[in-house]
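Residue numbers (my numbering), protein chains in the order written: chain C, 1 to 349; chain G, 1001 to 1431; chain H, 2001 to 2248; chain U, 3001 to 3279.
The set of hints was computed from the structure by calculation and includes no laboratory data.
Treat each hint with caution, since some may be false.
[Stated by the list, open to error] One side of the interface only, derived from the structure: several residues of chain U facing chain H at Cβ under 7 Å:
id	residue
1	3057
2	3081
3	3083
Using N, Cα and C, we set each Cβ at its ideal position, and we do this for glycine too.
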Amino acid sequence: MSMKKISKTGFGEFITHIINTDGNVYGVQAKTEAKGDRFAFGPLTSADDLRLDYDVTLSPPKKYLLPPKETLVKYEVGGGYESSICKCKSILIGVHPYDLVAIKQMDELFSQDEYDTHYMTRRRNTTIIACDVAKASPNVFASSMGTATVTDGYDILLTDIGGAYVAHAATEKGEALLTEAAPSAGDATEADIAARKAVQDKNDTGLNQHELKCGPADIPGLLEKGYDSPVWEEKAATCYSCGSCNLTCPTCYCFDVQDDVAWSLKEGARHRAWDGCLLENFANVAGDHNFRKKREARYRHRLYRKGSYIPKKLGGEIACVGCGRCVGACLPDIANPVAVYNQLLEETK
Amino acid sequence: MSKNININVKHMTRIEGHGNIVVNASEGKVEKVEWQVPEAPRFFEAMVRGRKYDDIQTIVSRICGICSISHSLVAIKAVEDAMSIKVSEQTDKLRLLMHFSEQLQSHVLHVGYLVAPDLFGAPSVVPLVGVAPDAVKTIIGVHRVANQMSEILAGRVTHPITVIPGGFSKVPEEAQLRQLQDLLKAQVEPLLAIVDVVLSVAAGLPAFERDTEYVSLKRDGDYTFYHGDIASSDGPVKPVNEWESVANEHVVAQSTAKWAKWNRKSYMAGALARFNNNAEHLSPLGKAVADKFGLVKGCCNPFMNNVAQLAEAAHVVEKSIELIDELLADGVKPEEVKVTPKAGKGYAAVEAPRGILFHHYEFNKDGICQGANLCIPTNQNHANIQLDFEAFVPQFMDQGEDRLRQGLEMLVRAYDPCVSCSTHFLDVQFV
Amino acid sequence: MSKPRVAIFDFACCEGCQLQIVNFEEEILDLIGAVDVVEWREAMSEQSTEYDIAIIEGSITRPEDAEKLKTIRERASILIAIGACATIGGINKLKNNFDLDEVKEYVYGEDAKMPHLNTEMTMAVDEVVKVDYKIHGCPIDNQELAYAIRCLLMGKVPVIPDYPVCVECKSKENVCRWEYGEICIGPITRAGCGAKCPSASFRCFGCRGYIDNPNVDAARDVMEKHGLTAEDLKSKMVLFGSKQGPTI
Amino acid sequence: MCECSCADKKDIYLPALATVSKQELLNDTEMYLHLQLDSGEPLGHAAGQFVEVSVAGLGEAPISVSSSPTQDGFELVVRNVGSVTNAIHNLKAGDKLGIRGPYGSGYGIDELKGKDLVFICGGIGLVPQRSLINYVIDNRGDFGAVTILQGTKDYTQRFFTDELARWDAMDDITMLETIDEAHPEWSGNVGVVTTLIPKIDIDLTQAAILVCGPPIMYKFVLITMKEKNVAKENIFVNLERRMKCGVGKCGHCQMNGQYVCQSGPVYRYSDLDNIPEAI
Ligand SMILES: Cc1cc2nc3c(=O)[nH]c(=O)nc-3n(C[C@H](O)[C@H](O)[C@H](O)COP(=O)(O)OP(=O)(O)OC[C@H]3O[C@@H](n4cnc5c(N)ncnc54)[C@H](O)[C@@H]3O)c2cc1C
Ligand code: SF4
Ligand code: SF4
Ligand code: SF4
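Kindly generate the complete structure, drawing on both the sequences and the hints.
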């Protein structure tokens, strides 16, 4: 598929065209804060608001594929059920490579074994315009996880090469969108492609604020030996069980399901909402029996899910993409997976 | 008609908080007329001691759910006074707008939900849905917009979050203000419809007058709710930091709550007081509403307080629309607030929907509160309600016990008392 | 089945929670379609001694209030406490940190000795009678109350969060108040409010009470990391959390 | 327009309707239901599988299918512990329920064929085991000796007593029962279910031991089995976990790497060796 070059002015037109022709366009925007800008995906209404120079978003883009709360089925009380599947199309602009890896993992997890039509319908109706990272966030360690750059998982990937963007269309959808929305974009030259590669090469090693002292492939092995390591109790001693690490993570997808009815008490809906395995009652059953009662058991579970359990479902791929969000979100500063894995590595030496 | 009257209303309904009415008359001779307040005392002034200056508004907001914005604002102003903090023009305007939202919300709630049933002869707004469904829906609609306005400015409807010493924790987005302005513009008509509904039953407001002193804030060229000095309709004006010598809170043997008096035995605070002191500065729409009811400056019928509230509701809608224009013209930006605590005393007054509200605090050098004195409008009105009662009962006694009781209840409601505000009511066991 | 009869009562409080019921706006018509509101002093003149569900606002500060509450409990088959004053004692419990005689004297001066000024330690509703459900918050979130009432009508136990405010705060994509050095007690406070305060860039001050099992060690650790003391933390926790009982 | 091909995929969260054909309260807390899918199709379950039962407006609960696949329709037994289960207790014949599933792995019937079977059930643990017991009875020739041990806490909580008596009456089944605390009406064994184990005279080491009961029961049964030198490979346990989706997505039932709703609820005990969170 094609590799095009879009000038910065042409880029504005490109985004404006998308905003004007497509319904739901979401892009990364600044959230003005007293202590400097922070970033979040939100409905994009003007090309000027798009900020592809961002470091990391507060929440990952998963909120558009697996919304914080969504309706699964609607029903009549005492009567029948009806699927509620959102078929709206949307475009996400500015997804970073590590978040793309996370989305790819979720795609696999929601489609393997039992096919989750709710997630998958949304996913298939979503066009992703990704962008290479222009600025490392304070906690990113994507380079350690091999997720700093990607070659697929997007429809279009944009790389800022200074005066212009190089746009790579990886799917037909992307190709069509590029032709339609950026008709003036010419093919990228050798030099442009070299400049693009330079950005990606830099990211491959440069997005590494926390350095994992082994390869990601070694993590399952480390965990196999580390189940009874003191690290779990040590770290979890100050865990609030607040689930911030779950909620900000692009690869966490556990959910809760609840019913609610209308005031008529005759009809209602069943929703699913984000949940977190660090929350105290996540594994509670009747009789107040909690299968992971201790903080350290829950804390350990999360890191095993990232580094061992989910990888088994994904053919080995580690379910931590190194975005570093949990590191920043954890108030007692214990959530950093790299710190745990490095400590396990130390212990096994 | 019997000449014996025995009214004993325990825990009067459709007011905020608890109040009792006791009237005894035998053989046409009035023996006892009393307005009592059995609200549980909550001791806010004692409770704020030891708390940091930036927690004060969070605490005192809980004095009253209906006027929580006024309580927060007056507390913040007093804290700022104590620490010599100057706020930006943007902060001032946003606070004003927030304050307007409470006036609108509270007035619509009071006239629409609590007073209107009296005028329609219904026990509550619930059966009113059957009698005047459109009116009820209109009232609900305006009330909702007032609440949305609070939410945008205060962070939520009740107990504001965004007001902090020195400014705002979060300012509204310009797009939100634009939307709000549209909503407000759309409320003018429904508001006038409510006015017309009330007008259609206004004959039910008793013709009762008693020469009264009215106390409110006053500022040049402004129908003020937020800035200015303390003024009496009798003439005197005092700066806000002398409010304790205006309220002159005192305990009287016959009363159950602390009373207030300034130049006479009692005074009235509230919409009618503001109107009587500032009517010339009402917005055109506010004036038009007042005119419809023939409300003119100098009115001393306490029942007209409800009409003054309607005029104010119209006024704040119109003023809010203007204020949003001003804010948008300048652009709304987040401002970082830095406060260095220092020792000192702080005084402030604002107009709560139901009347002038005073706070006073003392802080040590670390900004820890050492003491407080708070005086709420309902407290200031108790003595006046009592004196109104004393004049009202002989005048309307012939109408029989039921109508008299109803009249007294309406009179109390006209003051829009907010008894739960009671920071320091005396608490009496009733027989 | 006939509609359940609901009565709403208030004790020492600001009545802000009842105001949230008024703030249902049009939904109030749905509410009165689903239940019979037989008593609600703030908004109605109707009164009744017969009801199935009693909704209680406010804390108990006087012996006569405790007696009244007990009578209500006897009459109601379901009793719901709404708002911090009722569920945890709320702001009213700040008083309990002082000597009560001193408190009275501070506010009333010489008159403090008058017998009718009797006040006792503030109690949450469940310190006096059994409470079936608690709708937390100062003020309550009226949608949570609406949900809980619908659940009861369906014969279902309402699912009230037992996790901290941070959960909702994170899904709102707020910047943590701790990044500004503010003492936010969201990590130990029960969620359900939708993280309204941090969403308005203001620290959580704990109006919904603590979660079942707050991690005090973590709180201490975090205070240290931010160069603050346990006293600073206590000063914030005391606002709504004075002498707090269990929250569920 | 929707760009996906999902139209032809069924929604895994959409319950099918089933109608209650019979309902009976078995004791204070257990309700028996016989159901038929409205589609007329059989449920198509294997012994040991469960369904997600859905009561509109209240929610869903995972419930084991108690009947044998060889029977018509299907049966559930539900203990009222919370919202959904209470609502199920209020159902009458003719009422509708939502059903998703069957889910889970069930008992591996092929592996059990030809073996002596020992069922050890604690309280409501009888419910899922019963699906296999009745399957075995209907295919009696395929299996060796059958022993059923049933322990109940309290005499009044016993249920399916007629069926227990029927099994007891069968020549080719050994049926032993106990209650935890003595009761005037009860003349049988008193003590926890493990006290029955010494009373069976088959070679336990050659049998398949099938265990289902409350978490605490597993501990004691497994200790006894260890003493009796029963290999872990021959023990099958039926585990309970919190479940929301039943289809391996929501994460609630996960114990270490395993999703109980997919690889369980029945596990060969030796397979749990690497699953410290299992028991
Ligand atoms: C595979 C499997 C098979 C089961 N088979 C049966 C059966 O045949 N008969 C039977 O009576 N019960 C069975 N259960 C247990 C049953 O699912 C729970 O009792 C039921 O989900 C409780 O739902 P509720 O809505 O009535 O209770 P709730 O009101 O939701 O909660 C009551 C208590 O149950 C806990 N709980 C919530 N959801 C679950 C859940 N999914 N699983 C367990 N506990 C939960 C809550 O934490 C709370 O403590 C089975 C459970 C599993 C996992
Ligand atoms: S575990 Fe932490 S660093 Fe890894 S993907 Fe999740 S949030 Fe990002
Ligand atoms: S690890 Fe940190 S972010 Fe995660 S639950 Fe514990 S305290 Fe919260
Ligand atoms: S602001 Fe408060 S509630 Fe939000 S994440 Fe931080 S500590 Fe938690």
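Hint-by-hint comparison with the structure:
no.	hint	in the structure
1	3057	holds, 5 Å
2	3081	violated, 11 Å
3	3083	holds, 4 Å
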